[in-house]
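Participant: Chains E and Y, in that order, give the protein sequences.
Under my numbering, think of the first position of the first sequence as 1, with each following residue one higher.
Under my numbering, think of the first position of the second sequence as 1001, with each following residue one higher.
Just to be clear, a hint being listed does not mean it is correct.
[Claimed, not checked] Straight-line Cα separation of at most 35 Å, DSBU-like style, residue types lysine-lysine; simulated pairs:
1) Y:K1039 / E:K118
2) E:K162 / E:K124
3) Y:K1146 / E:K162
4) Y:K1006 / Y:K1248
5) Y:K1012 / Y:K1248
6) Y:K1146 / Y:K1039
I should point out that these hints are in silico values taken from the structure, not numbers from a laboratory.
Every value quoted in this text rests on a predicted model; they were computed, and no experiment measured them.
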Amino acid sequence: MDFGSINPVLLVASLMVAATPIILAAAGELIVERAGVLNLGVEGMMITGAIVGFIVTAHTGSSWAGFGAAALGGALLSLLFALLTQFLLSNQVATGLALTLFGLGLSALLGQGYNGIKAPEFAKIDIPVLTDLPVVGPILFGHDPMVYIGIALIAAIWAFLKYSRAGLVLRAVGENHDAAHALGYHVMRIRTLAIMFGGACAGLGGAYISLVRVPQWTDGMTAGAGWIALAIVVFASWQPWRLLIGAYLFGGVTVLQLNLQAAGFAIPVEYLSMSPYIATILVLVLMNAGRAPGSLGRVFHASR
Amino acid sequence: MLTLEKRPQPSKNWTYAAPLLAVVITMIVGGFVFAALGKDPLVAIRTIFYDPLFGEFASYSRPQLLLKAGPLILIAIGLSFGFRAGIWNIGAEGQYIIGALAGAAVGLAYFPDGSRIVVFPLMILAGVAGGMIWAWIPAFLRNRFKTNEILVSLMLVYVAESIQASMALNLLRNPDGHGFPGSRNLSQIPASANLEIFANTGIHWGVFTALVAVVVSYGVLMRHRFGFDVRLAGQSPRAAIFAGVNPKRLVMTCMLISGALAGAAGMFEVSGPAGRVSIDFNVGYGFTAIIVAFLGRLHPVGILFAGILMALTYIGGELAQLSLSLPGAAIQLFQGMLLFFLLAVDVMTNFRIRFGSKE
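Work out the full structure, taking the sequences as your base and the hints as a guide.
Facilitator: So, in structure tokens, the structure goes:
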């Protein structure tokens, strides 16, 4: 065992990378849930984004094209969920589960023949002087663009919900869909758009795993990241900035256990690798003070 | 303009028709998927749904049908109580794994001596207990800390998989296995083997238990106070509280029932068809059982048929993999689609479609 081999600066830098897929997916789900919809299909949309992004990148050689395609793929898949829950008024829990099972099957089918190929490298941002700074450099300036896009997304969602009129309408729909409907807002349209945004974000998160974090394609590679994103939204009490804290906490546990594995820590590998999931459960137990949006998970039917 | 009008009561006819219609639509859309993969859709559908029952090798595949349907039915029966009452245990896969590990551990502890009359029942008890312990965690956390049982039960699947890997590599590893991961083959040890009760029918003790579970759960659901409570809590939680149903006890009971049955299913699988604890002896029955439960309308008899149908897609899928080289993932997609279409068609059960808007 050698703790000296664990470099705290690199640890922080890599936890930011580990947290990014969760941040992206959870940010989308946060908007979906603030609109009053519980989409449990995050895992399915992430894995679909992961393979769609990987296929497009493998053929075009451009990671950006891959991310774009992944967002599109996730949004299209989530449209299925929107159709079922908003227009055919199905149970959101069951439909979300169906979306996950469907997405896992779809991605495995699409991913045939892509196993074991390595994705082209996604260039990191390199700012000559700043990146070379000790400690601060690698933590703040040495990442790929998606890390910053994730943080920017959180800031944008925060501002959207807090200051924009559209954000207020979205929150109204999520808090009380009957009242919002009576005020003349299009509940189904707003929710459908929110669901698609959530799908696009989940797709981006999935693509980040297959294009940057791993970076190759294997069946079922998201390994519960979508479910962890759902848990982080609960942890964050539906508040954007707390979501960032939750994701970094989770990223920290993941990276730390990987480092401990590499350092030959006395605990067997299998027990270390379950730690992120146990940490998520603990977090759910300790943080349940938040209040969920009033209409979360309820079916809206304008009976007039 | 189409509008939906809520039915005062769910339609009886559509309750039965929706699953059948969903199967038909899935076959049609699945046919398109198979065609897109360059296979003849009609041949593919026939290979999956007809050949296992009446085709050339039916005498081999028919017993397989019950073998695969057994665990699916057993797990789905357990899940159906909770799903009816709005308690979402989606971590049956984890309870299945822990049940299998507990059962296998007991069986291996008695190796090489120990008589079957003692060992096998003890293994079943251990499997049930293992599944119950794993299901108790999300139930307790929900009752005590209001945590979401969906997320906790699902996280515990990943934890269970890690424990499974650890057991296959360390504690339960076969000492005579030349260092390869995996335990002794329980199905080849007379005391611990989950044997067929009737030769060549595929009916082993787990399938038998599943059939008993169908009958018992029908009685409980339709004729017992607990079944009434479950149905009431599902339709109106407030009414259930006024009727004297203790919601926390209901959560605990439903979770423990599903955990017990999933654990038993895991134990029967690991001592029978799977044979031994390995890194990946679980094949996702815990998740497929969710589809089975919904497709069977959360009703014991429906689940029996849905389990057999889903087993058919597994076996037909394997057959199509061999004869048509249809990718295995296509079947997974097929199963996912089935649940999707069922949920979509289900709108007809609760709503009526009206043409033209009523002003």
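Participant: Each hint: holds or not?
Facilitator: Hint check:
Between the alpha carbons of Y:K1039 and E:K118 the distance comes to roughly 30 Å, so the proposed pair stays at or under 35 Å and holds. At most 35 Å may separate the alpha-carbon atoms for a hinted pair to count; E:K162 and E:K124 meet this at roughly 32 Å. The straight-line distance between the Cα atoms of Y:K1146 and E:K162 is roughly 28 Å, inside the 35 Å bound, and the hint therefore holds. Taken as a hint, the Y:K1006 and Y:K1248 pair is honoured in the structure, with Cα atoms around 31 Å apart against an allowance of 35 Å.
Of the pairs offered as hints, the one joining Y:K1012 and Y:K1248 holds, with about 31 Å between alpha carbons and a cut-off of 35 Å not exceeded. Proximity of Y:K1146 to Y:K1039 is assessed by CA-CA distance (about 50 Å); at most 35 Å being required, the pair is judged violated.
Violated hints amount to a single one, hint 6; each of the other numbered hints is respected by the structure.
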